[in-house]
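Residue numbers (my numbering), protein chains in the order written: chain A, 1 to 133; chain B, 134 to 217.
One should not assume that every hint holds.
Straight-line distance between alpha carbons at most 30 Å, and here's what the computed DSS-like set of lysine-lysine pairs gives [unchecked claim]:
1. B:LYS153 / A:LYS87
2. A:LYS39 / B:LYS152
3. B:LYS152 / A:LYS87
4. B:LYS153 / A:LYS42
5. A:LYS39 / B:LYS171
6. A:LYS36 / B:LYS205
7. A:LYS21 / B:LYS152
8. A:LYS21 / B:LYS168
9. A:LYS45 / B:LYS152
10. A:LYS109 / B:LYS153
11. A:LYS87 / B:LYS171
12. B:LYS204 / A:LYS39
13. B:LYS156 / A:LYS54
14. A:LYS54 / B:LYS205
15. A:LYS54 / B:LYS182
16. B:LYS153 / A:LYS39
17. A:LYS102 / A:LYS54
18. B:LYS153 / B:LYS204
19. B:LYS152 / B:LYS204
20. B:LYS152 / A:LYS109
21. A:LYS36 / B:LYS156
22. B:LYS168 / A:LYS42
23. A:LYS87 / B:LYS182
24. A:LYS109 / B:LYS204
25. B:LYS171 / B:LYS204
26. B:LYS205 / A:LYS39
27. A:LYS102 / B:LYS153
28. A:LYS109 / B:LYS156
29. A:LYS102 / B:LYS168
30. A:LYS54 / B:LYS153
31. B:LYS204 / A:LYS36
32. B:LYS204 / A:LYS54
33. A:LYS87 / B:LYS205
34. B:LYS182 / B:LYS156
35. B:LYS153 / A:LYS45
36. B:LYS152 / A:LYS42
Just the calculated beta-carbon pair ranges, DEER-fashion [claimed, not checked]:
37. A:ARG99 / B:LYS171: 17 to 25 Å
38. A:TYR50 / B:ARG187: 34 to 42 Å
39. B:CYS158 / A:VAL97: 15 to 23 Å
The set of hints was computed from the structure by calculation and includes no laboratory data. Beta carbons: idealized from backbone N, C-alpha and C, even for Gly.
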Amino acid sequence: MRNYEIMFIVNPNASEEEIDKINGQIEGIVTAGGGKVEKLEKMGKRRLAYEVDKNREGHYVLFVISANGDIVRECERRLRVIDAVIKYITVRTDEEVRRFEKIRNYRQKRAARRGSGAGASSASAQSAEEAMQ
Amino acid sequence: MKSVKEKRPAGQKQYYRRKKVCKFCVERIDSINYKDVKLLSQFVPERAKIMPRRISGVCSQHQRQLNDAIKKARNIALLPFATE
């Protein structure tokens, strides 16, 4: 199982129900294929950076799913077929997330080492002070 | 992080230049996400081109990630390819 983000833009004239219907379809595909919808976010109506099919606005929807390639392929096929969807993108996220964790772990480890080093030096300073007394 | 160049008469070599630092390294941003339009738009000037490293001072690793993020954002119409 891999993690993907599917983001798509629905025609600005589409009603709330239509968007929900599309979301339901995608969710159905994912769960039917044995995947899981981690997050579903309706990002609302936004201005597009450029014109797409004569539209200047669009409803953004974001799916975060854990699924395999077949499910993603099916989702993309479905999104292509639905007329109301004017644009979509799928991004694989698990590799990136793993990399961030690695970096974060490394950073924490380094910080811990530095922290303990500082503690040791202060301890030695303290013992020196005791020796003076 | 723009460098500040001052005009000086010829012969005078020294001029003040602020040291450029990578924004992402300094602020410890390690995930450059394509959805973060506010962050990405700082690196696309008016013509919507990607700001070169020599101007922005971003380090090579982060510039590469930034490139990918901007290109993804362009694909989903969060950022423009070009301004008309």
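Results for each hint:
1. B:LYS153 / A:LYS87: Outside the cut-off at roughly 38 Å; violated.
2. A:LYS39 / B:LYS152: Judged against 30 Å, a Cα distance of about 42 Å means the pair is violated.
3. B:LYS152 / A:LYS87: 41 Å, violated
4. B:LYS153 / A:LYS42: Not satisfied, since the Cα-Cα distance of roughly 38 Å exceeds 30 Å.
5. A:LYS39 / B:LYS171: Holds, at about 22 Å.
6. A:LYS36 / B:LYS205: Holds. LYS36 of chain A to LYS205 of chain B sits at ~24 Å (cutoff 30 Å).
7. A:LYS21 / B:LYS152: Outside the cut-off at roughly 53 Å; violated.
8. A:LYS21 / B:LYS168: 24 Å, holds
9. A:LYS45 / B:LYS152: Cα-Cα ~41 Å, so violated.
10. A:LYS109 / B:LYS153: 28 Å, holds
11. A:LYS87 / B:LYS171: Judged against 30 Å, a Cα distance of about 21 Å means the pair holds.
12. B:LYS204 / A:LYS39: OK: LYS204 of chain B and LYS39 of chain A at ~24 Å, within 30 Å.
13. B:LYS156 / A:LYS54: Not satisfied, since the Cα-Cα distance of roughly 37 Å exceeds 30 Å.
14. A:LYS54 / B:LYS205: Within the cut-off at roughly 21 Å; holds.
15. A:LYS54 / B:LYS182: 23 Å, holds
16. B:LYS153 / A:LYS39: Cα-Cα ~39 Å, so violated.
17. A:LYS102 / A:LYS54: 44 Å, violated
18. B:LYS153 / B:LYS204: It holds: about 24 Å lies between the C-alpha atoms, which stays within 30 Å.
19. B:LYS152 / B:LYS204: Roughly 28 Å separates the two Cα atoms, so the pair holds.
20. B:LYS152 / A:LYS109: Roughly 29 Å between the alpha carbons, so the hint for LYS152 of chain B and LYS109 of chain A holds.
21. A:LYS36 / B:LYS156: This hinted pair is violated, its Cα atoms lying about 36 Å apart.
22. B:LYS168 / A:LYS42: 13 Å, holds
23. A:LYS87 / B:LYS182: Distance of about 22 Å is within 30 Å: holds.
24. A:LYS109 / B:LYS204: At roughly 33 Å apart (the allowed maximum being 30 Å), LYS204 of chain B and LYS109 of chain A break the hint.
25. B:LYS171 / B:LYS204: Satisfied, since the Cα-Cα distance of roughly 15 Å is no more than 30 Å.
26. B:LYS205 / A:LYS39: Satisfied, since the Cα-Cα distance of roughly 20 Å is no more than 30 Å.
27. A:LYS102 / B:LYS153: 27 Å, holds
28. A:LYS109 / B:LYS156: The hint holds at about 23 Å.
29. A:LYS102 / B:LYS168: 22 Å, holds
30. A:LYS54 / B:LYS153: Outside the cut-off at roughly 42 Å; violated.
31. B:LYS204 / A:LYS36: Distance of about 27 Å is within 30 Å: holds.
32. B:LYS204 / A:LYS54: Given that 30 Å is the threshold and the Cα spacing comes to 22 Å, the pair holds.
33. A:LYS87 / B:LYS205: 12 Å, holds
34. B:LYS182 / B:LYS156: 18 Å, holds
35. B:LYS153 / A:LYS45: 38 Å, violated
36. B:LYS152 / A:LYS42: 42 Å, violated
37. A:ARG99 / B:LYS171: 17 to 25 Å: 23 Å, holds
38. A:TYR50 / B:ARG187: 34 to 42 Å: 27 Å, violated
39. B:CYS158 / A:VAL97: 15 to 23 Å: Once the Cβ atoms are compared, 20 Å apart, the range 15 to 23 Å for VAL97 of chain A and CYS158 of chain B holds.
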